[in-house]
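K.L.:
Sequence:
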Amino acid sequence: MTPNREDYLKLILELGGHEKKISNKQIVAGLGVSAASVSEMISKLEKENLVLHFPYQGVQLTDQGAQTASSLMRRHRLWEVFLVEYLQYSWNDVHDDAEVLEHVTSDKLANKLEAFMHFPDYCPHGGRIPKENGIISEKKRQTLADYPVGSLIRIARVLDEKELLDYLVSLDLNLQEQYRIIEIADYEGPITIQNQEKTIAVSFKAASTIFVDLLNEERKI
Numbered sequence: 001m002t003p004n005r006e007d008y009l010k011l012i013l014e015l016g017g018h019e020k021k022i023s024n025k026q027i028v029a030g031l032g033v034s035a036a037s038v039s040e041m042i043s044k045l046e047k048e049n050l051v052l053h054f055p056y057q058g059v060q061l062t063d064q065g066a067q068t069a070s071s072l073m074r075r076h077r078l079w080e081v082f083l084v085e086y087l088q089y090s091w092n093d094v095h096d097d098a099e100v101l102e103h104v105t106s107d108k109l110a111n112k113l114e115a116f117m118h119f120p121d122y123c124p125h126g127g128r129i130p131k132e133n134g135i136i137s138e139k140k141r142q143t144l145a146d147y148p149v150g151s152l153i154r155i156a157r158v159l160d161e162k163e164l165l166d167y168l169v170s171l172d173l174n175l176q177e178q179y180r181i182i183e184i185a186d187y188e189g190p191i192t193i194q195n196q197e198k199t200i201a202v203s204f205k206a207a208s209t210i211f212v213d214l215l216n217e218e219r220k221i
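Numbering (the UniProt record's numbering), first residue to last: 1 to 221.
You can take every hint at face value.
Quick list of the computed label-pair ranges, beta carbon to beta carbon:
(1) H118 <-> Q88: 17 to 27 Å
(2) D146 <-> N195: 12 to 22 Å
(3) V169 <-> K20: 28 to 38 Å
(4) V169 <-> E48: 28 to 38 Å
(5) E46 <-> Y86: 35 to 45 Å
(6) R180 <-> H53: 36 to 46 Å
(7) D93 <-> K131: 24 to 34 Å
(8) N4 <-> D63: 15 to 25 Å
(9) E183 <-> A35: 22 to 32 Å
(10) Q176 <-> E40: 32 to 42 Å
It is worth saying that the hints were derived from the structure and are not from the lab.
Owing to the predicted nature of the structure, the values given are computational and were not obtained by experimental measurement.
All C-beta atoms, glycine included, are put in the ideal place defined by N, C-alpha and C.
Using the sequences and the hints given, assemble the complete structure.
P.N.:
Encoded structure:
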């Protein structure tokens, strides 16, 4: 498989595509490609028995597709942890080198890397690291774009896409920070969030790829 195919499989898995249908629109937003490109690739992946396509509903990974994507994700996320924790990469600069390393990493090396780092559970972007021969199952969360004004949320996970991560760094938006949603612009405009330190306007596209935990009102921000 080409890296392009692998990127699609990993994104569909990141979005929960082994357990539910993922829309083409979500894939377009996650990869920053055209709708036509997504449709073409989905057709190819379906022929390879890696995804199931449901017209007007979306796509879902087959067991084979989920296993392939989880294996890729495991190696990728282990290298991300290593690069950030041991080589002081920033969370937005780690993706490309981890992408290169995942393609030259054997199962044996992945296992030794995991043991060397004392079996980390999460990557720098909040995603779970699959265990050997396991299929990843992310905690079920809604995105920032799914909640109404007034919601109190914590940033829990973001998609591992370089363009998105660079954008979040430019906003100074980080994992585990808590915010209240104070404004949602019409027609998929920006979503404004605020805490005691800062007020940030997040594009709807980015908000659709930021997974959050909904907090109760007893928590202070």
